[in-house]
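S.K.: These are the residues of each chain, in order.
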Amino acid sequence: MTQGVTGTPSALQDKIREIVAEELELDQDELSDTGHFVDDYDADSLSLITVIARIEKELGVAVPRDQLTEMATLEQVFAVVGQYATGESRGA
Amino acid sequence: MSTAVAVRPLAVTGCGVVSPAGLGLDRLGHLLHAAVPGNAEPAGDDAADFPPGPLRAVPEFRLADHLGRKGTKNLDRMTALGLIATKLALEQAGAELTAEERDATGVALGTSTGSIRSASAVSRDTLVQERPYQVNPSQFPNTVMNSCAGQLAIWNSLRGVNATLAGGQLSSLFAMRYARVAISQGNAARLVVGGIEELSPQYAWAWHRAGALTPGTALGEGCAVFVVEDAAGLAADRPVLAEVLACEVGFYGATRRPGRTEGLALSVRRALDRSGVAPEQVDAVSLGATSYSALNRVEQRALRAVLGALPAQVSVHDVVGECYSASGAMQLAALLAHWQRVPAPRPRTALVTSVGLDGNVGALVVREGRGGRPD
Amino acid sequence: MPDDTLRRVVVTGLGAVSSVGIGADAFAAAIRAGTTGTGPITSFDTSGFPHVMAGEVRDFDPDALLENLSPDQWGRSSLLGAAAARQAVVDADLDPELLARSRAGSIMGTTGGESTVLQQLTEQWVHQGLKSIDPHIVAQAPASQIANAVNSELGLTGDAQTVPTACSASNFALGYAYDLVRTGEADIMLAGGADAVNRATHAGFFQLGALAEHTCRPFDANRSGILTGEGGVALLLEPLEHALARGARIYAELLGYGVNCDARHMVNPDSTSIAACIRRAHRSAGVGPEQIDYICAHGTGTPTNDATEVRAVREVFGDRLPPISSIKSMIGHTMGAASGFGALICCKALQDGFLPPTANVARVDQRLGPGVDCVPGSSRPAHLSVVQNHGFAFGGNNAITILGRVA
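Chains as they are written, first to last, in this note's numbering: chain A, 400 to 491; chain B, 807 to 1181; chain C, 14 to 420.
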C-alpha cells in the first residue's frame, strides 16, 4: 500500500532528492537544489517523466504530467510536489 | 517467374561475440578447440528462479566497464549484451567511422521476442502494483522488440537502416539475408548484423515447460554480431575475416510435401548454386539443430542428400548452449573462431545450416577471407 | 527474367481486419466516412486505469476468416495478420494453388508481437508461478509466429519473416518485400502487420503521458495523445508484368521507400532525421516533393509527434504542404499494423480518388503553422497520382513508402 508521506517536509524532500538523483544518474551530493536538470545535469525527458511516476508510486503524490515544465530544478520539484501533497492525492 | 541470380558477396570486416565462453572470438575458439563448455552459472538477482536443467550463461560483467556509467541505468541486460558485442565488432572493423559513414551504417539484429525479462517485468507490474498503470516509464521502451537495435544505433550513432528480424532459430540468418538485400539495394553501405538471445527465468521456464529440447541440452545465451560491407567496394588493404555468399531460407511448417528435410536440402542447394560453390568444395558445416533430436535428423539427412558424406562438423551449441535467436550468428562466429585457430593453406568454404521448430529452414554459405588470421 | 533488371512492383490485393471494419472495402468505406472505431476496452480488466479507451477489433471471428489455421494454435496477432493476408489473396483473385506453388512468402511487421500471449503467460506467472505456465501457449509466444501464420494459412514456402521494428514495422515490411520482389528473390509477397491491444502497452503509453483520455484528435489544437489500437493488415505485392499478364486489378505501384534511424533517443522523434527519411524515400521512388499529392501521416495525436512531423514535412516541402491526414484519429494507434493500414488506405485513395480524412478535429493547431490541410471530418474527392505514407517508431526507426498510380 502506497501511503501519502506523513513525515516531516524534510523527509519528503530527502526522498524526492534520492529519486531525482537516481533517475539522473548522479550522486546525491552532485545534485544541488537549484541546478537545472536539463542544462546542468543533461537530464533526459524520459528520466523526468520517471521522476513524476516514482513520486506518485513511492510517495503517493500524483502530479499531472503537464506540470513537468514547472519542475526544472529540485527546488521547483519540492514546490510542485508540496502543492499536490497538501490536498488528497488522486485516488489515494 | 524468376531464376536465382549470383549474389554479391558481403565482406565480414569485424566480429564481436559475447557468449558463455566469455568476451571475444578468441575465447569462443579456445573453448571450442578444447571441447570445454562455457560458463554454467547465471548471475543476477533472479539466478535462483531458474528451472532445473543445465544452463550456459554469459559470465558476469559490468556494462559500465565497457561504456562508462552515464546513460546505462535503464538499459536492460539484453541490450548490454548487444552493446558490448557491437563495440567489439566495430573496433575490429577498423578506423572510427566518420559522420557520413554513420549515416550509411545500419543494424540488422535477429531476435524472436526481444527481452522476455523486460517485457514480462512490465507486464507483471500491471498486475501486482497498487495501480495497474504504475510501470516504470524509463523501462517501458525496453519492452519493444527493436529496443536493442535502437540502442545499438543510439550508442554508436548508426543512422542507417535499423532492422530487427524475428524468425525463431532462423532469426540470425534472416538478419544476414536482410543485410544482403539492404546492401545490394544501396539502403546501407555497412551493417552490424547478427543475433541475440538472453537467458532469464521466464525464458528458461518457457523452454522447460515446452519440453522441446533434447533432454540434457543446456540452454544458452549471448550475442554475436558482424560488421558487413559490400565486398566489391572494399579497399584492398582492409582485412576481411570472411565473405558471406548466399543466404537462402524457406518455410516448411505447414506443408506435408515438401517437408522440412526436402526444404532444407532445397535451401542448401540453392545457396551453394548462387554462391558458385560445388558440394564437394564445402570444407565444414556449422550445425544448427543439435539441440533437438528430431530436427537434428532433419538437418543430417538434408546435408547428406546434398553433400553426400559430411565434411568436418562444428557444433557451437556444445560450448554456448542452445541460443535460439542467436544460434545462426553463434554458428558463424564458431567457424570464424575455428579458422583463426587452425590456419589452412587456402581459404576454406563452409555452410551454416538452421532448422526451426516452427518450420523455418535456411542455409548460409561463407568463405574464409584474406587477413582473418592473427599474425 | 533478365538478371540485371529490377522489376516494377505493384499492389494487387488488400486485406484489413480493423476496428472500423473487416475487409479492405469495409475498412476504406468507414475511413472515408470518418467513422471512429475506438471505445471502452473490453479485452482486459481496466479497473484502476484512469484512461480506458482503445480501438479494439470486437467482432473478429478467426474461424470465419481463416481456411487452414486452427485458432486455438495461434495468438491473436498471428490470427489478425493471417486473416488479413487471406483476404488480400482473395482480393487479388489469385488461385491459391498457384500461389502456394510460387516463390512466395510474407514479411509482417509488429510492435508487441504476440503481446496477449505474453500477457496470459504473465498472469499465470503471477497467480501460479513460473513452473505452472501453459506449454501450449508458450509455443505461440514468439513474434515470429505472425509471418509463420501467414505462410501456414496460405501454404507458402518462401520467406516467413516478422520484422518487429515497432510502430513503423508495416512500412518496413513493405519495403523489404518490395526489394525481394523487385530483385527476383521472390515472385509474390504478402506484406503488412499485426498487433493486439494489451495491458502493458496501454499502461506504458499512459505513463509516458501519451495516452488520450477519450478521443484521438491529430493536428487539433487540443490533441492530448494516442489511443492504443489493434488489427491485422496485408498487401499483396507482385511484379507489374505478372499482374498485367494475368489481368489483375492494380491498386498502385510501390514506387520506393526510405528507412533510417534517428540514433538519438528511444522515444522522442527527430524532425531532421524524419526529413532525411522523406528525402531517401523520394530518391528511391524517383519523385520530387512537388509530385506528392497526399501524405498519410504517422499522426499519432500526441502534441510532440504531430508538431515534429509537420516540421519535418516543411523542411522538405517548403511552403507547399500536400494534404496530410491521420487515420489514427479513427482506429487508434495500431502499432506495428499502423503504417500497413496507412498503405492500404493510400491504395484505396489512389484507386477511388479521395483524400482520407482526420476525424475529431475541432480546430487545427495554429502552432503547426500555415497551410496544414488535415482533411478534417470526412474525406474529399481528389485525383491522386503519387502519395506518401509515414511510419515512425520507438528506437528512432523511420520508414516511409511512396505509392503511385501505374503510369
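None of these hints come from the bench; they were simulated from the model. For glycine and all other residues, C-beta sits at the position ideal for the given N, C-alpha and C. Hints should not be assumed to be uniformly reliable.
Said to hold, decoys possible - Computed cross-link-like contacts, DSS-like style, restricted to lysine-lysine with a CA-CA straight-line distance of at most 27 Å:
#1 K414/A <-> K879/B
#2 K893/B <-> K876/B
#3 K893/B <-> K879/B
#4 K414/A <-> K876/B
Claimed, not checked - Estimated spans, in silico, between C-beta atoms of each pair:
#5 D72/C <-> P408/A: 51 to 59 Å
#6 P53/C <-> A854/B: 53 to 61 Å
#7 H227/C <-> P1064/B: 48 to 56 Å
#8 K144/C <-> S1121/B: 27 to 35 Å
#9 P383/C <-> T468/A: 19 to 27 Å
#10 E226/C <-> Q935/B: 19 to 27 Å
S.K.: Look at each hint and say if it fits the structure.
M.R.: Results for each hint:
1. In summary, the hint linking K414/A to K879/B is supported, as the alpha carbons are separated by about 19 Å, within the 27 Å threshold.
2. The suggested pairing of K893/B with K876/B holds, with an alpha-carbon distance near 17 Å, which does not exceed 27 Å.
3. Proposed proximity of K893/B and K879/B is supported: the alpha carbons are some 18 Å apart, at most 27 Å.
4. Distance hint between K414/A and K876/B is fulfilled; the C-alpha atoms sit about 22 Å from each other, no more than 27 Å.
5. Look at D72/C against P408/A: about 55 Å separates their beta carbons, and that is inside 51 to 59 Å.
6. Restraint check, P53/C to A854/B: a C-beta distance of roughly 42 Å breaks the suggested window 53 to 61 Å.
7. Judged by the Cβ atoms, the range 48 to 56 Å given for H227/C and P1064/B holds: they are separated by roughly 53 Å.
8. In this structure the supplied range 27 to 35 Å holds for K144/C paired with S1121/B, their Cβ-Cβ distance being about 30 Å.
9. Between P383/C and T468/A the beta carbons are some 26 Å apart, a value that agrees with the proposed interval 19 to 27 Å.
10. Between E226/C and Q935/B, the C-beta spacing of about 21 Å keeps the proposed range 19 to 27 Å intact.
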